[in-house]
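> Chain by chain, the residues run as shown.
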Amino acid sequence: MDTITIAMAKGRIANEALSLLENSGILFSDFDEKSRKLIFTDDGRSIKLIFVKAVDVPTYVELGAADIGVIGKDVVLEDPKEVYELLDLGIGKCKIAVAGFPGEKMIDKPKLTIASKYPNLAKMHFDQKGLRTEIIKLNGSVELAPLIGLADCIVDVVETGTTLKENGLVVLETIAEVSARLIVNKASYALKTERIQQFIADVKKGLEVYS
Amino acid sequence: MIPNLTEDEKFEQVTSVLSKRFSTHGFHRVRTPAFERYDLYSKVTSSVNRKEMVKIVDPAGDVLVLRPDVTIPITQELSHSETKLTSERRFYYIQEVFRRSSDPTEKIERTQSGIEYFCESSPEVDAETIVLALQTMKDLKFQDIKVEIGHTAFFQEMIAKLPLTELQLDQLKALIQAKNSVEIAPFLKNVDADPDMKYAIMQIPHLYGKPEDVLRRAKEISTAFRMEETLSYVGEVCRRLSAQGFEEQIVIDFGLINRMDYYSGILFQGYVGHFGKPVLMGGRYDRLGYEFGADLPAIGFACEIESLLKASDNQKLLKG
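Protein chains in written order, with our numbering: chain Y, 1 to 211; chain H, 1 to 320.
Just so you know, these hints were derived from the structure itself, not from any lab. Using N, Cα and C, we set each Cβ at its ideal position, and we do this for glycine too. A portion of the hints provided could be inaccurate.
[Stated by the list, open to error] Straight-line Cα separation of at most 30 Å, DSS-like style, residue types lysine-lysine; simulated pairs:
| id | chain 1 | residue 1 | chain 2 | residue 2 |
| --- | --- | --- | --- | --- |
| 1 | Y | Lys165 | Y | Lys93 |
| 2 | Y | Lys123 | Y | Lys111 |
| 3 | H | Lys107 | H | Lys316 |
| 4 | H | Lys316 | Y | Lys37 |
| 5 | H | Lys20 | H | Lys316 |
| 6 | H | Lys210 | Y | Lys123 |
| 7 | H | Lys189 | Y | Lys93 |
| 8 | Y | Lys137 | Y | Lys123 |
| 9 | H | Lys161 | Y | Lys10 |
| 10 | Y | Lys37 | H | Lys51 |
| 11 | Y | Lys81 | H | Lys20 |
| 12 | Y | Lys81 | H | Lys189 |
| 13 | Y | Lys95 | H | Lys141 |
| 14 | H | Lys161 | H | Lys107 |
| 15 | Y | Lys93 | H | Lys10 |
| 16 | H | Lys107 | H | Lys10 |
| 17 | H | Lys219 | H | Lys189 |
| 18 | Y | Lys204 | H | Lys210 |
| 19 | H | Lys51 | H | Lys277 |
| 20 | H | Lys277 | H | Lys141 |
| 21 | H | Lys316 | Y | Lys48 |
| 22 | H | Lys84 | H | Lys107 |
| 23 | Y | Lys205 | H | Lys198 |
| 24 | H | Lys189 | Y | Lys123 |
| 25 | Y | Lys204 | H | Lys198 |
| 26 | Y | Lys111 | H | Lys51 |
[Said to hold, decoys possible] What the simulated footprint calls covered on chain Y by chain H, stretch by stretch (three residues with Cβ under 8 Å from a Cβ of chain H suffice, anywhere in the stretch; the number is not a length):
| id | segment |
| --- | --- |
| 27 | 63-73 |
| 28 | 84-93 |
| 29 | 190-196 |
[Said to hold, decoys possible] Partial chain H-side listing against chain Y, Cβ under 8 Å, derived:
| id | residue |
| --- | --- |
| 30 | Lys179 |
| 31 | Gly209 |
| 32 | Pro211 |
| 33 | Glu212 |
| 34 | Asp213 |
| 35 | Arg217 |
| 36 | Tyr271 |
| 37 | Phe275 |
Using the sequences and the accompanying hints, generate a full structural model.
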């Protein structure tokens, strides 16, 4: 049987994805969250799991360094890659939203300044609305930007809304609902069609148990 | 390939393998100019992305581009001498093409090699061309060769009937290319089309796999769209490939869309093991000649020498 390589990022999504795989009968007994190891093999010795930084998952898959990736839709939307997106795993659910101070009237501003970890997504959203924007790319603590006057609004991932609330911000608009997706390298799909289709069928079965 | 060769020597080796294979099959080498008039490419609707072309202004003020494509100039050249194909023509080329990608790390200059086979469309000719593509990959000693076969009837022609805005068209194209069946259904909810059509489009991502199996499933949606003819054409191409011993090397992908819009008919692309992207792409472009007032049916394919070199390096690395 062909071996397949799966890339994901350590963290909550990986943990949920692994328990999902467990439901499908795919076990990684030697996986330990605290371990610094980056490569694990499943008990059936046919699946290799590699841990990479989340934003790099699509790159590994596009280039074929991994056959399959598990990644949030937010990352896929921000930087689309030439990969297949075959399943919605329904885990890691959250939304990408525009947030700012309560009562913020975006439409009144001649030019809106937006801070975001997702500059492409933010620009696309406001271009479609026909609003003129200046986008500032930040890598973290995006909520800070409106508070210190760096930006009018932010575009960010919102899970529970607690961080926003604690900083006096509210969701102004939802751009997209996102969740973790299973992405597949196009060459791998052609070369290992049956193996990958089988894996996907297994995961689908696991999803039914999970939900 | 022997390991201690320089990059340039490896390059020469690959191009000589290609030349030999193409000329053995009766293809004649041609060259096209490096500088072309910009009008040529802006005239051929939706061929090369305008943003990707490298433009130059000559002293007279005319805009020129550095050769972004080879199929278009070869077709144009032939249209000067023939407005209707009198006998089949076989050409091949190995030359640089220049495209500026939005990704600044991508190289502007690449070497493309391919064939253009001007002849009437038939399953026999199309199969022969795909066999040539497969043999070329074999000549280069690649392991795990796979060719995906598709047809424009499944996306281009079906979608042409839908009332979509340009933005929606791009979105649907991206969804089909990603085989994103999860999001196609919600997307189609907002589109005004009959349910049969919507159902058919939703099936496209699943029409992937062994020819027999996929063709059988495709029949189920074809009745409403007069696609029986297309399906039996594709079936015939696949049968001919199997008969020549390539059964294991072919897979059908009706979600295949070529980035060049001038294709009409059979589409295909080739993959090899340990290389994540297609190494070869091609298809039939019977209507391209119309752009130059000529009726020049043709099929062809092209590969990038740089990708072939990288793929062959990857395979050796993993073996060693």
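> Failing hints, ascending?
Of the numbered hints, 6, 9, 10, 11, 13, 14, 15, 22, 32, 33, 34 and 35 do not hold.
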